[in-house]
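Protein chains in written order, with the working numbering: chain C, 1 to 306; chain F, 1 to 306.
Keep in mind that a hint or two might mislead.
[As the list claims (entries may be wrong)] Per the computed footprint, the stretches of chain F lying under chain C, defined by three or more beta-carbons under 8 Å from a beta-carbon of chain C, are:
hint, region
1, 148 to 157
2, 194 to 205
[Claimed, not checked] Derived pair list, reagent style DSSO-like, types lysine-lysine, alpha-carbon separation capped at 27 Å:
hint, chain 1, residue 1, chain 2, residue 2
3, F, Lys164, F, Lys174
4, F, Lys51, C, Lys50
5, C, Lys89, C, Lys68
6, C, Lys51, F, Lys50
7, F, Lys143, F, Lys167
8, F, Lys51, C, Lys51
9, C, Lys174, F, Lys174
10, C, Lys89, C, Lys242
11, C, Lys173, F, Lys174
12, C, Lys113, C, Lys242
13, C, Lys173, F, Lys299
14, F, Lys50, C, Lys89
15, C, Lys68, F, Lys113
16, F, Lys242, C, Lys105
17, F, Lys68, C, Lys51
18, F, Lys143, F, Lys113
19, C, Lys50, F, Lys242
20, F, Lys105, C, Lys51
21, F, Lys242, C, Lys299
22, F, Lys68, C, Lys68
23, F, Lys299, C, Lys167
24, F, Lys113, F, Lys301
25, C, Lys242, F, Lys299
26, C, Lys113, C, Lys89
27, C, Lys17, C, Lys143
28, F, Lys50, C, Lys242
29, C, Lys143, C, Lys50
30, C, Lys242, C, Lys105
31, C, Lys105, C, Lys167
32, F, Lys105, F, Lys68
33, F, Lys51, C, Lys89
34, F, Lys242, C, Lys301
35, C, Lys68, F, Lys51
36, F, Lys68, F, Lys89
37, F, Lys17, F, Lys51
38, C, Lys242, F, Lys89
Rather than coming from a laboratory, the hints here were simulated on the basis of the structure. For each residue, glycine too, the CB sits at the ideal point set by N, CA and C.
2 protein chains.
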Amino acid sequence: MEYIDEVLSLIEQIRFKGYFSPSEDFSNIAILGMGGSGIVGQLFREIYTKKPVTVVSDYNIPDFISEKTLVIAVSHSGNTEETIRAMEKCESRGSRIVIITSGGKMSAKDHEKVTIPGELQPRCSLGYMLIPILRSFGLFDEKVEGETNRSLHSVMSIGPDIEKISKSLVDDKKIPVVYGISPTPSVAYRWKTQFNENAKMLAFNSAIPEMNHNELAAMPSCYGLENFMFFIAGHPDGRIRKRVEAMEEITGVEFHEIPVFSGNVIANTFSAILYGDLLTYYAAVHRGVDPRDVSAITKLKRILSS
Amino acid sequence: MEYIDEVLSLIEQIRFKGYFSPSEDFSNIAILGMGGSGIVGQLFREIYTKKPVTVVSDYNIPDFISEKTLVIAVSHSGNTEETIRAMEKCESRGSRIVIITSGGKMSAKDHEKVTIPGELQPRCSLGYMLIPILRSFGLFDEKVEGETNRSLHSVMSIGPDIEKISKSLVDDKKIPVVYGISPTPSVAYRWKTQFNENAKMLAFNSAIPEMNHNELAAMPSCYGLENFMFFIAGHPDGRIRKRVEAMEEITGVEFHEIPVFSGNVIANTFSAILYGDLLTYYAAVHRGVDPRDVSAITKLKRILSS
Chain C
1 MEYIDEVLSL
11 IEQIRFKGYF
21 SPSEDFSNIA
31 ILGMGGSGIV
41 GQLFREIYTK
51 KPVTVVSDYN
61 IPDFISEKTL
71 VIAVSHSGNT
81 EETIRAMEKC
91 ESRGSRIVII
101 TSGGKMSAKD
111 HEKVTIPGEL
121 QPRCSLGYML
131 IPILRSFGLF
141 DEKVEGETNR
151 SLHSVMSIGP
161 DIEKISKSLV
171 DDKKIPVVYG
181 ISPTPSVAYR
191 WKTQFNENAK
201 MLAFNSAIPE
211 MNHNELAAMP
221 SCYGLENFMF
231 FIAGHPDGRI
241 RKRVEAMEEI
251 TGVEFHEIPV
261 FSGNVIANTF
271 SAILYGDLLT
281 YYAAVHRGVD
291 PRDVSAITKL
301 KRILSS
Chain F
1 MEYIDEVLSL
11 IEQIRFKGYF
21 SPSEDFSNIA
31 ILGMGGSGIV
41 GQLFREIYTK
51 KPVTVVSDYN
61 IPDFISEKTL
71 VIAVSHSGNT
81 EETIRAMEKC
91 ESRGSRIVII
101 TSGGKMSAKD
111 HEKVTIPGEL
121 QPRCSLGYML
131 IPILRSFGLF
141 DEKVEGETNR
151 SLHSVMSIGP
161 DIEKISKSLV
171 DDKKIPVVYG
181 ISPTPSVAYR
191 WKTQFNENAK
201 MLAFNSAIPE
211 MNHNELAAMP
221 SCYGLENFMF
231 FIAGHPDGRI
241 RKRVEAMEEI
251 TGVEFHEIPV
261 FSGNVIANTF
271 SAILYGDLLT
281 YYAAVHRGVD
291 PRDVSAITKL
301 KRILSS
């Protein structure tokens, strides 16, 4: 399977029907996960706001995790060291645990599980990991699925435009800075990590309006601004739109926006994700690097386990 | 008052005795705040883990905020637009609200308040805003205060070393990337914003081990690495120490660490904060920019309110 097909499989993944039954007697949710799996928790926390959701991307877990916490442990491989350790700590607190994985050590655990296909790269499996959680909380019904499907096809149809932007980014050796916006600012973090892993490029992320309280102060007189290209990984509403225009006026920086294809938050989130997935894939192509290769990460794991 | 005295006043601020009485009948905490006030919530969430803490840095509030939520609204000026709007939404949910401010519109509100001195820059008032919350939850007793006081004096005593590092950073026109580590990774975000506001420098932040799952993949073959200088804004334990050594071996990048002066988490957090405050202050001096000036931020506020 070509890597671009793995990327575009997001369009198929939203049909994935896996889910678990969330009991009602918990007072908060903790999602465990690192890297490509951790982003699942960040996105869910922003989409589901009926109970406090905490994302744990570390070995350690907060004290409040108890039998009143629903713990969702997400690991594509099922072997992520930090996630397994954190999950074991949750077990000793008596939390109800649900596992989302394709296999590994975690699939041998005696907890409710959603088993996902394991063939794709972890970071190409975002749909498989996120959709079951959304479905379990009633957030991804037929209507939202249809809207998301249409939005993703619209993004695919502007592939050539996205490719052109990635070419100018790479040709000019720019480093992307990606700003997220409400309600799902974590999309910017997804873009950052996709630039890192797919294109082997440095990339950084922040959020609007938060950056108006700090980063903005630097822009008119900092050095090095010419090394960067600035993106907004989301769909500004009127209020944010006005801010962005004022920011451009004050800083002289251009903030690249992406087209909107839907009025639905979840559809917009997925289309902004696919936009970033394609942008970073094309950046890898233009750089002549293998988007699959993450040898530095596997090398680190080898050194640490030796 | 010289700006350096505002920076060093952190050592005095930890003696501030303000506090509120946290009732026991809430099930979660929300801290509202933007920029220099928002970092207060991020740090508190990492230090206090007995109940879920959500940081709201936006106009909008999550659905779960209710009469069972303790809301702590932090705004140095008392006039922060996003924080006021978010607070009003919490009022309509029947939440108990505590305000930490020096004045402004928020001081006219009929809620329990901790009134803090208003003379210093908001970002030089971190101690005044954070200490009352820590005291209210019994996290800053005499022993911790003593340990923090000693650590802060130790950081002050290595001022010349910190100044030297900031000189090489500025002379070589490097852009800082700051990595936070457990248990208080937000210290890296504080450094980033201080570079932005004090030194008018671009700066970015992430965390270890999270970056081992993404950024690390880019480092061996990315372009532009020579534009950056990498810092760890915290005190690695044995496990993280081993990671950092392996990361340096794989990437050829040097990760600058800061000295440890205490075994106490809160003392270490404050000393890492003061280290960053001094580093960014000296960077402003070396750049010849006014560390107080944040005219781009005030300009934006003016445009948006016109």
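ask   = When you check the alpha-carbon spacing of lysine 17/C and lysine 143/C, does it fall within 27 Å?
value = At roughly 14 Å apart (the allowed maximum being 27 Å), lysine 143/C and lysine 17/C satisfy the hint.
query = Counting residues of the region 194 to 205 of chain F whose CB is closer than 8 Å to a CB in chain C, do you get three or more?
reply = holds (count 9)
ask   = Would the pair lysine 143/C and lysine 50/C pass a check requiring their Cα atoms to be no farther apart than 27 Å?
value = Holds - the C-alpha atoms of lysine 50/C and lysine 143/C are around 21 Å apart, at most 27 Å.
ask   = Does lysine 174/F lie within 27 Å of lysine 173/C when you go C-alpha to C-alpha?
value = Distance of about 17 Å is within 27 Å: holds.
key: 27 Å limit on alpha-carbon distance, applied to hinted pair lysine 89/C and lysine 242/C   = 46 Å, violated
message = Against the 27 Å threshold, does the CA-CA distance of lysine 17/F and lysine 51/F hold or violate the hint?
response = 24 Å, holds
ask   = When you check the alpha-carbon spacing of lysine 50/C and lysine 242/F, does it fall within 27 Å?
value = 40 Å, violated
task = Given the hint that lysine 143/F pairs with lysine 113/F, test it: the Cα-Cα distance must not exceed 27 Å.
result = 26 Å, holds
task = Would you check the hint for lysine 105/C and lysine 167/C, treating anything up to 27 Å between C-alpha atoms as holding?
result = Given pair lysine 105/C, lysine 167/C is violated - Cα atoms ~41 Å apart, limit 27 Å.
query = Given the hinted pair lysine 68/F and lysine 89/F, is their alpha-carbon gap at most 27 Å?
reply = With a Cα-Cα distance of about 14 Å, the restraint between lysine 68/F and lysine 89/F holds, given a limit of 27 Å.
task = Mind checking the alpha carbons of lysine 89/C and lysine 68/C for me, to see if they're no more than 27 Å apart?
result = 14 Å, holds
task = Please work out if lysine 113/C and lysine 242/C have their alpha carbons no farther apart than 27 Å.
result = Distance ~45 Å between lysine 113/C and lysine 242/C Cα, so the pair is violated.
Violated hints for the displayed structure, listed by number in ascending order: 1, 7, 10, 12, 13, 15, 19, 20, 23, 28, 30, 31.
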